[in-house]
Amino acid sequence: MSLPSETAIALPPAPPSSVAPRRSGWRPADTSPLAVLSAVRGSSVATELRAEEINAWFGDHKVLDRVSLTMPTGQVSALIGPSGCGKSTFLRILNRMHELVPAASMSGRVMLGDQDIYAADQRVTSARRRIGMVFQKPNPFPAMSIYENAISALDLTGVRADRVVKDFLVEDSLRKASLWEEVRHRLHQPAGGLSGGQQQRLCIARAMAISPDVLLMDEPCSALDPTSTRRVEDTIGELRGQVTIVIVTHNMQQAARVSDRCAFFLAAQGQPGVIVEQGPTDDMFGSPRDQRTRDYVEGRFG
Amino acid sequence: MTTLTSDLDPGDFGEPRALTTRYSLTDRIFRGTSRSAGTFVLLVMVLVGGFLTAHAVRAISSVGVVKFVTTQEWSPETNHFGIAAVLTFTVLIAMVALTVAVPLSLGGALFITEIAPPRLKKIMTSVIDLMAAVPSVVYGLWGLSYLQNHVVGLSYWISTYFGWIPLFKVDGAEPGNPLPNTALYTSSTFIAGLIVGMMIIPIQTSMMVESFSRAPQGEREGAYALGATRWGVIRSVVLPFGKGGIIGGVMLGLGRALGETIAIYLIISPVFSVSFHVLQNGSNSVAAMIALRYGEANSFAMSALMAAGLALFLLTMAINFTASMIISRSRSGAESEV
Chain P
1 MSLPSETAIA LPPAPPSSVA PRRSGWRPAD TSPLAVLSAV RGSSVATELR
51 AEEINAWFGD HKVLDRVSLT MPTGQVSALI GPSGCGKSTF LRILNRMHEL
101 VPAASMSGRV MLGDQDIYAA DQRVTSARRR IGMVFQKPNP FPAMSIYENA
151 ISALDLTGVR ADRVVKDFLV EDSLRKASLW EEVRHRLHQP AGGLSGGQQQ
201 RLCIARAMAI SPDVLLMDEP CSALDPTSTR RVEDTIGELR GQVTIVIVTH
251 NMQQAARVSD RCAFFLAAQG QPGVIVEQGP TDDMFGSPRD QRTRDYVEGR
301 FG
Chain D
303 MTTLTSDLDP GDFGEPRALT TRYSLTDRIF RGTSRSAGTF VLLVMVLVGG
353 FLTAHAVRAI SSVGVVKFVT TQEWSPETNH FGIAAVLTFT VLIAMVALTV
403 AVPLSLGGAL FITEIAPPRL KKIMTSVIDL MAAVPSVVYG LWGLSYLQNH
453 VVGLSYWIST YFGWIPLFKV DGAEPGNPLP NTALYTSSTF IAGLIVGMMI
503 IPIQTSMMVE SFSRAPQGER EGAYALGATR WGVIRSVVLP FGKGGIIGGV
553 MLGLGRALGE TIAIYLIISP VFSVSFHVLQ NGSNSVAAMI ALRYGEANSF
603 AMSALMAAGL ALFLLTMAIN FTASMIISRS RSGAESEV
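First to last, the sequence lines map onto chains P and D.
Reminder that position 12 of the first sequence reads as 12 in my numbering, one-by-one numbering, no gaps.
All you need for my numbering is the position in the second sequence, starting with 1, plus 302.
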């Protein structure tokens, strides 16, 4: 991917030798809306995400064992498997959320393009900016309005932007999350007043506002009713191609509907989780090679 | 297909039914106990207020409310007394205390909840609780015998360089004098306020820690996942959520600062003329004055002291009511709806 020049606010990896501009409160010299916009959003393109030999522990308890997975550019990869097999842990390792848990540790590499996000010269905040995340339970900031929520990433990372830029980003991100038409007339009302499904799509919009290269989704529909689930799935379909998506789901039909590729995680009793089988979704559901995968996707256990 | 029939008269559905609930015996015992406990608390409050008012009437009626509020001196013997000076000093001491305590407790609470590693968090929490358990007379003694000697230099420095601000002016100060008269700076509102500030830090901190640590994990993670720095998370998640706890803690501390007696009594040298020069020797407080004077008081002087106590009681009540109103209007405690 190409890096923006000196106006790289939202983007890492500035070469370690060059003097990187201060992030917080820093404002590009050229303050025309377009320049700010490009600075804010960087030159995002969907990027391949590749996990290599990931091991993970909580304290002494090993939960993942040498898991490797490639999530191709612009495609939707689904992680499936029974509860407690390490899918969510794996997902949280992909954008360095795993290390927020006390006593959690990991090994291995996560390559975003050609950059290891765990490399010593990488900032954890820039990895998380480029790899957005949507959680199981919708978690908009309840003290903020819908408008403020949509662009909260700017505020949180200390980027200032003009009204024009903000307006543009709000509309653009809400459109990407297929929420714009529903909320355009009440942008300044509190986000807590939205339905669960709308809140979840607001969280998608919030993540998309800074144009991440990858979007991780941790069971995004498990707290939603079927209609809202449908809307979120449609949104995932809209985003395909614009951003690399990794989705954890317990719902086989959902995995079959939305994903291009699938990886089946399984943890034997007392053993760390491993990937049993992975491949194109059609093959995984149509002609799985492993008996355990066949049993799982056909609903015989898990 | 069968038709559903009902023996209820259709007219019955128009009126809301009277809903009756029968409670079991244990339920009734529990309700009775908790209701009487609640009533008792209210009753004590009312009794204290009533008692103070009943005893204060004699003194206040002999000088009138206006004179009682505006007179600075305190000599019930000559029927010339009022709370203007003591109440002003009380508020000044409390303000100094808050100025010191609020930033420290806010920073401390944020450090404990957001930054400290788990082990340190445990240690600090118990140290804070321990600090709250230290009796105020110990703070007073420490302030008198140790802190005062070390703070006088700071008072001198502030009054030398910021003496042009009326608040920091010290009458009789000689900024050029190589051997300044340090007695001018002892027993001041500032030093009393510092000690009271130390005393209210633990209460405020533990209240803020309590509310910050309840900030929803989901919102925290949401912010972190957007690439937020720790400060970003604090600013957009923790502080808005903990607003009620901050205000509550500050008000609780303020209440304690206004009512603090023995530590102030030990430190100040009482004066009865209003002065806003906080660094200057001489201060006062309602509670300290009551403690100082009640031993030598006859029945009329006692009534005057009750009146002063009533004024303090009303002030703290007003503050607490304001605080609870602010808290109930802020969002704190509410999580995002699913």
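Accuracy of the hints is not assured; some may be wrong.
Chain P is faced by these chain D residues, among others (derived, beta-carbon under 10 angstroms) [to be verified]:
#1 P378
#2 Q519
#3 E523
#4 G524
#5 A525
#6 A527
#7 W533
#8 G534
#9 V535
#10 S538
#11 V539
#12 F623
#13 A625
#14 I628
What the hints contain is simulated information worked out from the structure, not anything from laboratory work.
Note that CB positions come from ideal geometry on N, CA and C, so glycine has one too.
Legend entry - Cut-off 10 angstroms, beta-carbon criterion: hint that S538/D touches chain P: At 6 angstroms from the nearest chain P Cβ, S538/D passes the 10 angstroms test, so the hint holds.
Legend entry - Interface hint outcome for E523/D [beta carbon to chain P under 10 angstroms]: 7 angstroms, holds
Legend entry - Status of the hint placing W533/D at chain P (closest C-beta pair under 10 angstroms): 8 angstroms, holds
Inset, instruction - Tell me if I628/D is really an interface residue toward chain P, meaning its C-beta lies closer than 10 angstroms to one of theirs. - result: With a closest approach of 16 angstroms, the I628/D hint is violated.
Legend entry - Restraint check, 10 angstroms cut-off on beta carbons, for P378/D near chain P: Violated: closest Cβ of chain P sits about 53 angstroms from P378/D, beyond 10 angstroms.
Legend entry - chain P contact restraint for G524/D - C-beta distance below 10 angstroms: 4 angstroms, holds
Legend entry - Interface hint compliance - A527/D to chain P, C-beta minimum distance less than 10 angstroms: 4 angstroms, holds
Inset, instruction - Hold the hint about F623/D up to the distance rule: shortest CB distance to chain P must be less than 10 angstroms. - result: Given a least distance of 25 angstroms, the restraint on F623/D is violated.
Legend entry - Status of the Q519/D interface restraint (C-beta, 10 angstroms, chain P): 9 angstroms, holds
Legend entry - Restraint check, 10 angstroms cut-off on beta carbons, for V535/D near chain P: Given a least distance of 8 angstroms, the restraint on V535/D holds.
Legend entry - Interface hint for A525/D, Cβ within 10 angstroms of any Cβ on chain P: 6 angstroms, holds
Legend entry - Given hint A625/D near chain P, where the shortest CB pair must fall under 10 angstroms: Nearest chain P Cβ about 20 angstroms off; hint violated.
Violated hints, listed in ascending order, are 1, 12, 13, 14; each of the other numbered hints is respected by the structure.
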